[in-house]
Every structure is written in structure tokens, then in C-alpha cells.
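**Student:** Each chain is listed here by its residues.
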Amino acid sequence: MVKKILLVLITILIVASLVGCGPAKPAEKQTVKIGFIGPLSGGNAAVGIGAKNSFQLKVDEVLAAGDYPYNIEVVYEDDASDPATGVAAATKIASDPDIVAAATHWNSPVGLATVDIFHKYGMAQIFWGTIHRDIIYGNDYKEPVRVIPTSEQSMELAAEYAKKFGIMDWVIVNDTTDYGTKIRDEFTAAIEKRGGKILEAIGVTVGQQDFAAVLSRVGELDPQGIFYAGVTTEAAGVRIQSMKAGLTDVMFMGPPGIQSDTFGEIVLGDAEGTFCSGTFDVNSTPEGIAFVEAYNAKYTDPFEQNGPYAYDSAAIILDALKAVGPDKAKIVDYILGNTFKGVIGDIQWDEYGQNGVGGLTMYVNQDQKWVKYEDSEYASGVRTFPWDK
Amino acid sequence: MNTFFQLFISALLVSSLYTLVAVGFTMYVGVINLANFSHGDTCVMGTFLLMPIFLFATKMGWLSAGAGLLIPVIIILVMLLTGLWGAGIYKILVKPLLVAPRLILLLASVAAGQVIREAIRVIYPNGSNPQVFPKLLPSGILEISGLRFGYDSLTIIFLSVICIISLNFIIKRTKMGLAMRAVSQNSDVSQMMGINIEKTIITVFIIGSALAGLAGILNGAFYGITKFNLGSNLGIKGFSAAVIGGLGDFQGAIVGGVLLGFIEVFAAAYIPNGSQYQDVFSFLAVIAFLIFRPSGILGEKIFEKV
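Heads up: the sequence lines are chains F and D, in that order.
Just so you know, we're using the working numbering here: the first sequence kicks off at 1 and counts up by one.
Just so you know, we're using the working numbering here: the second sequence kicks off at 1 and counts up by one.
Chain F on its own, in the form it takes in the complex (with noise of 0.2 Å):
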């Protein structure tokens, strides 16, 4: 009997060995939760879409790649473009321990209105679209970084193309918001710093639909070209309405807010010739020709002028993630002491963490669409403008 027993026991003992010499079951990867914060419903929901779309597709492809060292999950959350949904979900994002950073906001008001939230947590805040300057150099924080140009280096280039057609004369059409104020202050500063001048600036609300009582006072002022210091649907109502007006030998220009595709929708035909000094053309390089590839095998949403930097925000953070594991603390310095390739460029930032270039671009509006102004048939000469007498 007892020789029975140690026969079975010996049995068992060996089928065991045998079992634990075949391969080692693959550890289970750890779950790290990582945010996402944009405008995914409203006015300004195309964009927030687009970036969405662009942020899971880097998390995808690197999860796809298998040797990630963990599992992500994304949240997502919608700031609606208005600050206090912002800051509900910043606070949400933030306070969660479970989530180690957050790529957020297009909209500059929302911006400022939750950089302290994530910086009272000590989690890093990744912006992907929103420019105003003091987003990053307001504050001596080092939880945020941005990826994308300010408003303060776009307006630059608006001027100097300005300068470059010899359109001197403005008048800007600004909204009221922290955005289109500070845009407005900004393209003052920049195209005087060159000579030009500004007739004057006119406030507008957001929401407003008539224009006639602004666009006469414009048309009194005779200005060689109207600046419009605001977002898409605004740009669109200020621009119908003007060449109604009759001013339709002024050149018109707007900030990165008005590069939307959505623009030629609204303005059609009248859209032709309006230019928009806006953010990374993404067929420059051959990454970017890889991300819209990759981007357009998966989702029909377009993804919109921030897309790209959505993607990198996503790719800093995972780069982030894998170096030093989710550890919030480690991750802020991680992010703020080293530099990274991404589909915009070499993205490094300066001593309040903001990139250097970014890939500031000129577009203008050709067949309904952002076209950038060197590949255009208005810079080959194809077209004219009708200002370009």
C-alpha cells in the first residue's frame, strides 16, 4: 500500500516537473490608464474628434507593436470647448490615481482654466491644440508642456506673410474670448513690429450671426485686409458677409482657429483666397504621410489640423510610461527632461516646456480646402488673388 501511495505521489511529482520545464506562462501586463480631454461634443467637436481619433491610433499602433510592457486604457473626456465642463473633467482626470498623464483641450479658455488643476495633482498635462502663451509661460509649472506653436509665434507668420504680399493696412475682427483677444493683441504686435498698421479692432460675441454693423464700419475704414481673431463658425458668417458687403478685393486672413474644413463647408466659393496661418502640414514629411495613412485606414472622421499633435502627445506619454513606469512624479520630469521624435518634427522643449517650432504653416483656401500657400496654384500663379492687383 505505502509502496502504491509513493508510486502515485512519485508519479504526480514528475508529471509536475515535467509540467513547470514547459514554457513559462507570460506574466499578466499591468493596466496603466492614461487621459484624453477635448471638445468631443459642440461647436468645436470635428476637431476634438479628430485629435481623439489621432491619440488612440499612436496608443494602437503601440500596443499592436506587442512588446509595450503594459496595457493602456484610455479615458476620454469632453470639455464641449466651454471652461467650467473643462475643468469638471480636468478635475476628474486628475484627481483619478489610476491615471498617470492626460493629452487635453483645443480651446485656449479651457486651457487656462484647468493648467492649476493638474498641476494641484502633479500629473502631467500634455496640450495638443489650444496656443495662448500663458498656457505655458504664465505659470512656472512643470506638469504641462505643449506640442503644438503658440498663438504668440503663428501670428509672427501671419505678419510676415502679410508683410510678403504687402497687405499693411488691417482691421481686425476679434472675438471676445481670452483666445481672440490675445490673438488680436498678438497679430497687433507682430505687424507693426514690421511696419504695418491696424486701423482698428472690433469685438465681436461668439454666436453672433450679423455682421453688416461691423463689416460698414470696416468698409468706412477701407482697409487692404480684414484679420478675423476667433474660431471657424465665426470666421465663416464674418467672411460671407463681407463679400456681400462688397469687399471683395480685401484679403482676408484668421489664427489656426479657423483651419478647419468646416470653413470652406459654411463660406463655399467665397472661401477662395482667404488664407489661415495654421499649424503642421502634415504631407511635409514622410512621417506625417504614414500617420494620414494609418489615420485613413481606420476612421472616416477627418482629423482635422490637430490631429498630428494629438498623436505625438500620445507617443510622449507612452515613451514617458515605458521609462519610468506609472509614476505620476517620474513621468513630469521624464516628459520635461528629455526631447522626442514625433510626425511634427524633433519636439524639444524650452525651459517652460513649450516646442520649439512645431511646424507653423501658411494655408490658403483653394476649392474649399486648407491648402498649403507654396503648393498652391496661387503661389504657382495659376490663380490670382483679387486683392493682387
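In short, the hints are calculated from the structure, not lab data.
Careful, some of the hints might be misleading.
[Said to hold, decoys possible] Simulated restraints, written as ranges between beta carbons of each label pair:
{"no.": "1", "chain 1": "D", "residue 1": "118", "chain 2": "F", "residue 2": "327", "range": "50 to 60 Å"}
{"no.": "2", "chain 1": "D", "residue 1": "151", "chain 2": "F", "residue 2": "249", "range": "13 to 23 Å"}
{"no.": "3", "chain 1": "F", "residue 1": "75", "chain 2": "D", "residue 2": "4", "range": "52 to 62 Å"}
{"no.": "4", "chain 1": "D", "residue 1": "168", "chain 2": "F", "residue 2": "138", "range": "54 to 64 Å"}
{"no.": "5", "chain 1": "D", "residue 1": "58", "chain 2": "F", "residue 2": "330", "range": "51 to 61 Å"}
As the structure is a prediction and not an experimental result, all values here were calculated from the model.
Even glycine gets a Cβ: it sits at the ideal position worked out from N, Cα and C.
Put chain D on the given structure of chain F with help from the hints.
**Tutor:** Chain D alone, transformed into the frame defined by chain F:
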């Protein structure tokens, strides 16, 4: 001088849109003492009803064949639909609450507006976002002696004037109009005189809502865009126009609409930085009327109407 005339035309355009909304408001107040705060949202509903119909007609190729004829047909169809919505609102919401205090009915109308807004967000694809509205109106500019008149502006002003004249005819010259005026003055006596009160009120709701649908469509067609929450602003402006003119008074609504449009446009043009405060000027005018002439310009018995 040119600028003044251009502004005059712009003010007429804005006034036309406000008047179409204000007339509906004032008719509700006239017949059942109700400030229907879902009225602005009915305007927006018109735009969101029109867009899928227009898209369907475009896909079927009907518009390329006879756009000139079909667009008015589509607009009339949408006016009928919003008119039916108005009748439904009366039957489902207003009628059961007619005996309740007016404050309850007013709150119910606010809720109805909220239902429209949320229904658009939920049902319409990307309903939370601004929608590009079809170009329904004639394009091009009529230039006379340096003055520029957009055909679209002229069409809107013309259509509004036609609607107001027709409505005036209905109210002043038809049996139903007589019934409306009678109910407006005293519904109990009207009923004793054999007037069908319910039929009269339903007709008012159909006409008011149909005009709201038209106002929404014209607004969307001119500015090229519509949004689910645009009705709040349109409704408040229409209500303000009705208050200025005298709540419950048909002619008053016209005068109020015109005055409000002119205040907005000319204040924005001639007061420094006026554009960013043009809504403030409108509401200051309303407040001034409520303090110094609460009955409005043409109204007489405001305290009995509200």
C-alpha cells in the same frame, strides 16, 4: 449716406426675422395669455426638419431638375410640419394645463423647448454640432447707385412682408380672424356667441409655429448655419420684440420686431465697440419699455395679458 442705407437694409433683414418670431409669440399671448418659450426652438426644429428633406431631394436628383419650384414646396412642407407640431403642443401640453396657473404653463413651454433641443442632439447625426445649412435663397448682388442689395436679403424681407400682410388679412378679413380677435378679447363671451374656442386656439398654434419654422429656415439660409441651441436666442429676441410692441397686439409685434432689429444694427454701428454689446442694447430697450411703458408701443392692457 451709403453706409446708412446699407445698414438700413441690414436692419430690415434682422427685423423681418424677429417679426416672424414675434408675431407667433404675441398671438399665443393674445388668445390664451401664454408666453410660449418653446417658440424659438420651433424655429430651429424647422431647420432640422428641412435639412434631411433637402438632402433626400438632392440625392434623388429632384433639385437639379427643378430647384426653383421644389425649394418653395419643401419650405411649405416644413412649415406644415412645424404647424402640426404646434397643434400637437397645444393638444398634449397646453390644453391639459389651461386651467392651471399660467406660471405652470409657462414652465411647461420651457420644458417643451428643452425637449426639442435635446431631441435634435440625440436624433440628428452630430446634432450637438453646428450644421451647414443649404443655400436655399437666390445668390448674387443687386447694385444700384453704389448700394448693394443681396438677393437673399431682399427675398427674406419680401417673404416676411408677404407673410405679415397675409396674416393681417386673415386676422382682419376672415371669419377665423374674427374668432381670434374675439377670443383674444373675451373667450367666455366668444364661446357664448358660438365661436369654437378650441379650433381657434389650434389655428393660432398652427399659424404661429408655421411662421416660426419659416423664420428658422430663412435665418439658417441667410447665415448658412444652424445649431440645436440657436432657438434660445431667436426666442428671446422674438419675445423681446413682442414686449416692446405690446404683448398680445399683432401690429405691436411688427413694430417691436422692426424696432428691435434697428436698435441692434444701428447701436452696433454707431456706438463705439457696440458690436460686442448689441444684445445688451436690445435688452436695455426691453427693460426701458417694461419700466416706462409696460404695455408696449401699441399694447393697452398688458396687466391682463401676462
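**Student:** Name the hints, by number, that the structure is in violation of.
**Tutor:** Violated: hint 1 alone.
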